[in-house]
Every structure is written in structure tokens, then in C-alpha cells.
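Number of protein chains: 2
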Amino acid sequence: MTEQLLIRQVRPWGGQVVDVLITDGYIRRMEPDMVVDEEVAVLDGRSHLLLPGLVNAHAHLDKNLLGLPWHKNQLTGNRVQDFVAYERRVQREVNHSPQVQSARQIEASLATGTTYIRTHVDVDAEVGLRNLEGVLATREQYRDVMTMQVVAFPQGGMLSLPGSIDLLEEALKAGADCLGGLDPAAIDRDPVKNLDTLFTLAARYNVDLDIHLHEPGALGAFTVELIAERTRALGMQGRVTISHAYCLGMVEPDYLHRLIDLLRENRIIVMTLGSGHSPFPPIKTLYDAGVALCTGTDGVRDTWGPYYTIDMLERVKLMGYRSGLRRDEDVEMVLRMATYGGAQVMGIQDYGLAVGHRASLVIVAGDTPAEAVIEQPPRTYVIQGGRVLVAGGRRVD
Amino acid sequence: MTEQLLIRQVRPWGGQVVDVLITDGYIRRMEPDMVVDEEVAVLDGRSHLLLPGLVNAHAHLDKNLLGLPWHKNQLTGNRVQDFVAYERRVQREVNHSPQVQSARQIEASLATGTTYIRTHVDVDAEVGLRNLEGVLATREQYRDVMTMQVVAFPQGGMLSLPGSIDLLEEALKAGADCLGGLDPAAIDRDPVKNLDTLFTLAARYNVDLDIHLHEPGALGAFTVELIAERTRALGMQGRVTISHAYCLGMVEPDYLHRLIDLLRENRIIVMTLGSGHSPFPPIKTLYDAGVALCTGTDGVRDTWGPYYTIDMLERVKLMGYRSGLRRDEDVEMVLRMATYGGAQVMGIQDYGLAVGHRASLVIVAGDTPAEAVIEQPPRTYVIQGGRVLVAGGRRVD
Numbered sequence: 011m012t013e014q015l016l017i018r019q020v021r022p023w024g025g026q027v028v029d030v031l032i033t034d035g036y037i038r039r040m041e042p043d044m045v046v047d048e049e050v051a052v053l054d055g056r057s058h059l060l061l062p063g064l065v066n067a068h069a070h071l072d073k074n075l076l077g078l079p080w081h082k083n084q085l086t087g088n089r090v091q092d093f094v095a096y097e098r099r100v101q102r103e104v105n106h107s108p109q110v111q112s113a114r115q116i117e118a119s120l121a122t123g124t125t126y127i128r129t130h131v132d133v134d135a136e137v138g139l140r141n142l143e144g145v146l147a148t149r150e151q152y153r154d155v156m157t158m159q160v161v162a163f164p165q166g167g168m169l170s171l172p173g174s175i176d177l178l179e180e181a182l183k184a185g186a187d188c189l190g191g192l193d194p195a196a197i198d199r200d201p202v203k204n205l206d207t208l209f210t211l212a213a214r215y216n217v218d219l220d221i222h223l224h225e226p227g228a229l230g231a232f233t234v235e236l237i238a239e240r241t242r243a244l245g246m247q248g249r250v251t252i253s254h255a256y257c258l259g260m261v262e263p264d265y266l267h268r269l270i271d272l273l274r275e276n277r278i279i280v281m282t283l284g285s286g287h288s289p290f291p292p293i294k295t296l297y298d299a300g301v302a303l304c305t306g307t308d309g310v311r312d313t314w315g316p317y318y319t320i321d322m323l324e325r326v327k328l329m330g331y332r333s334g335l336r337r338d339e340d341v342e343m344v345l346r347m348a349t350y351g352g353a354q355v356m357g358i359q360d361y362g363l364a365v366g367h368r369a370s371l372v373i374v375a376g377d378t379p380a381e382a383v384i385e386q387p388p389r390t391y392v393i394q395g396g397r398v399l400v401a402g403g404r405r406v407d
Numbered sequence: 011m012t013e014q015l016l017i018r019q020v021r022p023w024g025g026q027v028v029d030v031l032i033t034d035g036y037i038r039r040m041e042p043d044m045v046v047d048e049e050v051a052v053l054d055g056r057s058h059l060l061l062p063g064l065v066n067a068h069a070h071l072d073k074n075l076l077g078l079p080w081h082k083n084q085l086t087g088n089r090v091q092d093f094v095a096y097e098r099r100v101q102r103e104v105n106h107s108p109q110v111q112s113a114r115q116i117e118a119s120l121a122t123g124t125t126y127i128r129t130h131v132d133v134d135a136e137v138g139l140r141n142l143e144g145v146l147a148t149r150e151q152y153r154d155v156m157t158m159q160v161v162a163f164p165q166g167g168m169l170s171l172p173g174s175i176d177l178l179e180e181a182l183k184a185g186a187d188c189l190g191g192l193d194p195a196a197i198d199r200d201p202v203k204n205l206d207t208l209f210t211l212a213a214r215y216n217v218d219l220d221i222h223l224h225e226p227g228a229l230g231a232f233t234v235e236l237i238a239e240r241t242r243a244l245g246m247q248g249r250v251t252i253s254h255a256y257c258l259g260m261v262e263p264d265y266l267h268r269l270i271d272l273l274r275e276n277r278i279i280v281m282t283l284g285s286g287h288s289p290f291p292p293i294k295t296l297y298d299a300g301v302a303l304c305t306g307t308d309g310v311r312d313t314w315g316p317y318y319t320i321d322m323l324e325r326v327k328l329m330g331y332r333s334g335l336r337r338d339e340d341v342e343m344v345l346r347m348a349t350y351g352g353a354q355v356m357g358i359q360d361y362g363l364a365v366g367h368r369a370s371l372v373i374v375a376g377d378t379p380a381e382a383v384i385e386q387p388p389r390t391y392v393i394q395g396g397r398v399l400v401a402g403g404r405r406v407d
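Line by line, the protein sequences give chains A and B. So for the first sequence, this note's numbering puts the first residue at 11; every next one is plus one. So for the second sequence, this note's numbering puts the first residue at 11; every next one is plus one.
The hints are simulated quantities; they were obtained by calculation from the structure and are not laboratory data. Small disclaimer: the values here were computed from a predicted structure and weren't measured. Where hints are given, some of them may not hold.
Any copy will do: because identical chains look the same in the list, a pair fits if it lies in one copy or spans two.
Straight-line distance between alpha carbons at most 25 Å, and here's what the computed SDA-like set of lysine to any residue pairs gives [said to hold, decoys possible]: (1) K82 <-> R21; (2) K183 <-> G173; (3) K203 <-> L139; (4) K294 <-> Q91; (5) K294 <-> F232; (6) K294 <-> Q26; (7) K82 <-> V100; (8) K183 <-> P42; (9) K183 <-> A375.
So here's chain A without its partners, still in its complex pose (with noise of 0.2 Å):
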């Protein structure tokens, strides 16, 4: 039997009021006034927008601690290394659960409108397979209402951690989707090694590279010129993700644009969050220069620091106010960051607002997309496939 439902009076975009009929989980018509010769379900968007499902692309849902006692956060140091073995001390203290936290997380995301998620998830000699082994069971349980790709991260260290290549190798065959990198020069210390041996087991296993890099001014740049020769040499345009990329944020704008045509020339995609302090990607730059943009929320409610943000809107108002863009045309450049670039990097086909596309979509009040970033009020409804996930704000399914 075909499951149907018919969403009247909302607007894709923010655009015109229309209908949309969706049969077996697929949007199949759209248009105004709709009339519809059988009974089918029927809700009211009360000419609020239409937004495809958000997209958080970079996650870390092993890493949280929602619907834990708040943790006062008493970390020192500031390098990427002294945050980790903080996190992982922490993690001991409260006997954190993979599987309960990332399915938290999950839920919350649910509830405003993320129906797409890419999570790193660390893999290490450190961990070993436990956090992967959480995640993969959360996935299982959420499979119907959340799309999700898993990116073994050597957290701990790569080169520098020895057994973690071959946890890695064991992470891909287990199920992870990507395989993920981290520094290759500041805490590998080896940026060719490193990335050559991420390529040749990305290669082998047919997946997608995701690489942090926070490495801050020439170094990143360096790795990023590294990252580009190789992603050429082994034809893996558009499959290669760079997290971060600070030091796009840092080199002086003749370099920029080299590095620029590069990202460009390779297809590869880049990933920033907007960063509370550090400098990071010019996104309106890149954005205009033709570089795939996605964002994510990173960890949330971790060890890492008290400042996090669930909901995407949220995540692009935070972009938006860190990058000075000030008109609407440009808030909804970085919502479709949040949206289409986010199911570029994930390589989502059926994606979008059009008759033919998976009917993952947000109903949310707002005159405009710009309004609903700034305003970010409870989703009307969030549908996954045909089915209603969120009511007024509040999980229902």
C-alpha cells in the first residue's frame, strides 16, 4: 500500500505557498492549491518555510555528555593533545557510554530538524573499537530516521599512536564509512608518511577522506598543498574533505588564492564551524570562488569547552556573526552550508526541495530563511521519508 501525506500552504525556501504530496517517502508533486482525488493524511504548514533536512557534517557523537551532571571544565594547556587526554581522563571518570550518548545526541538532533549526519568517531590504539562498536549500534537503531556516515578518527594519533593503522583498517571492514585524519604534520609529525599512508588505505577500501587540520598559518597551508597533490594523483576529486582548515584563514590573500585553485581544481570540499577564537576559512571567499563549504556543530556538551550548539540554524547564525555577513542573501549562503553543502560532502543524490527528492524536510516559521537562522524557533514539523519525527517542537515518532 502507498504510504501518502500532503503538507498544504508552506514555502520551499521561502518562496511561493505551495503543496507537496509525498508517496512512499518521495516528494511527487508540488504545486499551488493542490487537489488530491484520494484520502491522504493531510498537515498544516501555516505558511511557514520549507527547508530540506539539515545536515550536520561534522559530528563527534561519542565525544558528548548530554543528560550527564554538568561538568565543570577544568582543563589546562591548549594544544590538541592536552584536550584529548583531558577528554579521555573525563570519559574514564563518568564510565561514558558511546551507545547511550551518540543515541542522545541523536534524539537532539532530531528535534530541530538534522536528518543528515557525518560523525567522526575516534579510533585508536588508545580506544581501540569501542567507540566505533557504539556509534554502529546507534546507527542501526536510528536507520529509518537519520541518515549517517562514520569517519574512523585517529583521535589519539596515527603514525604517532603505533597499532592505530591497523585499527583503522579494522574500523573500515567493522563498517565505518570514511577514514578520517588528523594533523599530519603538528601532532604526526610526519605530513608526507601520514598522507600517503591515509590515501593508499582510502584507495584500497574505496572510501572518503575526511581530515582535521588545524594547523595554524604556512603549516596548514603546506598540508593543504600536500592534501590537493595527492587527492590528484590518485583521481580522488570531490572525496576528500579538509575539517577546519584554520590556516585558510591566516595566509595572506595572494597564497589564499592559490590554495584556493587548488581546493578548486581537486574538488575538494572544506568544513569549518565558524570557531569561537581561532581565525578560519573565509567562507564568502571560498563560497564565491567556487570551493565546496559544509559545516557541522563539532562535539557538543563535551570536555572539549562549555560552548556548543545542537541546532544547525544555530550553528549558521554563529558562522554567519563570526564572518561579518551581514544581508540576508548572504545568512542564507551559509544555510545552504547546512544544507546542500552538507549533502554534497556526504553524497546524498536525492536531496533537495524538488519533485523526485527524499522527503526529508523541516517545516519552520520564519519570512524568510535568514529570519529562521536568526530567530530559530521550534520546528513546526521535521519529516523523515513521509514520516512526521517532530510536532510542534517536540519528538513525536
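Given the coordinates of chain A, work out where chain B should sit on it, guided by the hints.
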């Protein structure tokens, strides 16, 4: 007849649970498990945090578009002058009422626990006293529940807009509490004459000064020096605020420390919001050096850009995020700017959480003050002079 209110079970600034007895608007007793002989009204504090009323030390109550249809921002240009011209055009188009709009912002502020506001109000030869009259009417309307200071602010220029100086003087006679300034070099083109005029007026009317300073780098730092020289010469220590002071986030450490010495010696207060895109004062460095600091919302939902916050807890979160402050104790430092720091700049003598202080209080869920800053729950109660203004996040009075 004495009016009394007993608050059971609250934790002042996250400390031990106490009961608080309020008599005639002031805190009269604070102790655990208080025995009270008389019949008194009782509030259940549910072991939540007790904070002093939040202080928005930098608002523009005459600029917001709250309650009006979403304004689609189409600003062009990057200079303060561009922003002002755009704002005044839009305000004419929407037939903007300073009285109605300022009252809307007061209501929204009370709902989140802000009970003290210093607001700048545009006074110059272009707008005349129109905005001032509207905001003064609102101040009168809310005098029992909101402590307000009004700064006469030459947004359109002082020396550079003939007639503005006379209007500033009229504003002080009409009820403005403080005198404001704006970029003495970058906008008014003559920093010495601008500051001499401002300080002379302030001394004549015996009012505090609060100067907007967006000037970057060495230019802004030079203006800071000029302000400090005049503060010392006129004996205005403790009565001068520099708002924004982006330049303090742009100069080299050695020069910064010379400027910090000038600020501390002359007890000049620095107001910063954290800023989205621009460098801004390094608040922890200033705090540790003994410089008085406060913060505010700046404009909210106006034409200067889409980003805004009314809730001072959200402002504290944003500023901590922008400052890279990860430890709870540092988040609490920022919260002190939005409470005690703001009370200091406004000269509120009876401010705080001890016996004898005015009962201007916020009760909010949270294990620690940092948790309240990050999670921003609806305010359990907001109390002003013993009156309950907000219960369960809603205005009740």
C-alpha cells in the same frame, strides 16, 4: 505596611542552599532553613541558582525593530557612516516609534532577567530630540521595574554635524544621565577638539562619559591615550567608559600593557560585547590586570545586521566563546561583567546578593553559573524590589 517575600532554597552564585527574606524591596536575611515568625508570601527556589539582576550596560533602545515584520537586510558599505545612513532610511520607511520600540525591548529584557540598562540614544542635528523623548517616556513608564541610564549619543556626528553640540546640551537638560561620544578621529575628524568638547560638557553638567570607539589599531590607541589624559586632567576617574575599544585587541602586547596601565590608573571602564568579526579587547588579560569591565547587547534586531541577543546570559556565552575561554571559572568571570561590572559602570550602590542589597534577583536552573550561561533556561523567577516580574519564563506583572 511592610511587604515581605520569602524565597526558599536558592543557591547564591551557585553556592550553598539558603533562604532569602525580602522586606520592602531589600534583602533583609539570608540563611539556611530560615524560621520566619510572620505570615509571608513564599517562592520555592527549587535549589536553583540565585544571581543578581543582569545588567545590560550598552543598549540602543531607540534602534530595534522588535515586533515589526522581519527586515530583509540589504545594507551596502562597511563604514559606520554607511550603517547610520541605512538605518535612518529604514526607520523612516517603517515609521519607527522610539517609544513603542524601546518599551518592547524593556519587556523582552525583563523576561530574561535584565533589570538594569544603560542605553545610548541617538541625539544629533539629524534626529533632534525625537528618540530621546520616546526613550524617556519609556523610562518613566518602567521606572519601578527597570533601572535605566540614558546616554545622549551623537550617532550622526558631533563636530561633523553642525547643531549637534547644542542638542546634546539640551538632551542633558531634558533628562539624559550621561554624555556619549563617537570615534573622535575617524568620524569627527578632530580627536582633540572632539574630546575637549565632550569633557567640557561632561564637567559642566557633572555627568559620566561613555564613548563609542571603533577606531582600529594605532589610531584607536591614540584616542584611548587622549581620553586618559583628559580623564586625569579633569579628575573624572571612574566616570569614563570606552565602549567597544576594538583597538585593544589589535595592538602589540607591549603597547597593550601601556594602555592597560592608563585605563587602570584613570579607572576608565571598558565595555565590550565580544564582537562577531572584529578583533576586540582581550577580556581575561584586562580583568587580571584590574581594568573594570562591563558588557551589553548593543543593538538588537535592528538594521546594523541580523545577529542580536536580548538575553544577557547568551551575550556572556558569545563573549566567552569569542574569547576562547574554556574553563568554568573563566565563564564566571565573563558573567561578572554582565552583573557586578555593569552595576559598577552604572554606579549602583545597593547591588548584589548580600543582606542590605536591593532585591533585584534572577533565579535560574543550573548546577553552576557556567551551566546557566551555556544552557540559558527560561528564568524560574525574576524579582525586582521584592515584586515577582517573571515566573516560569513568563512576565507576570
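Hints broken by the structure, by number, lowest first? 6, 8 and 9
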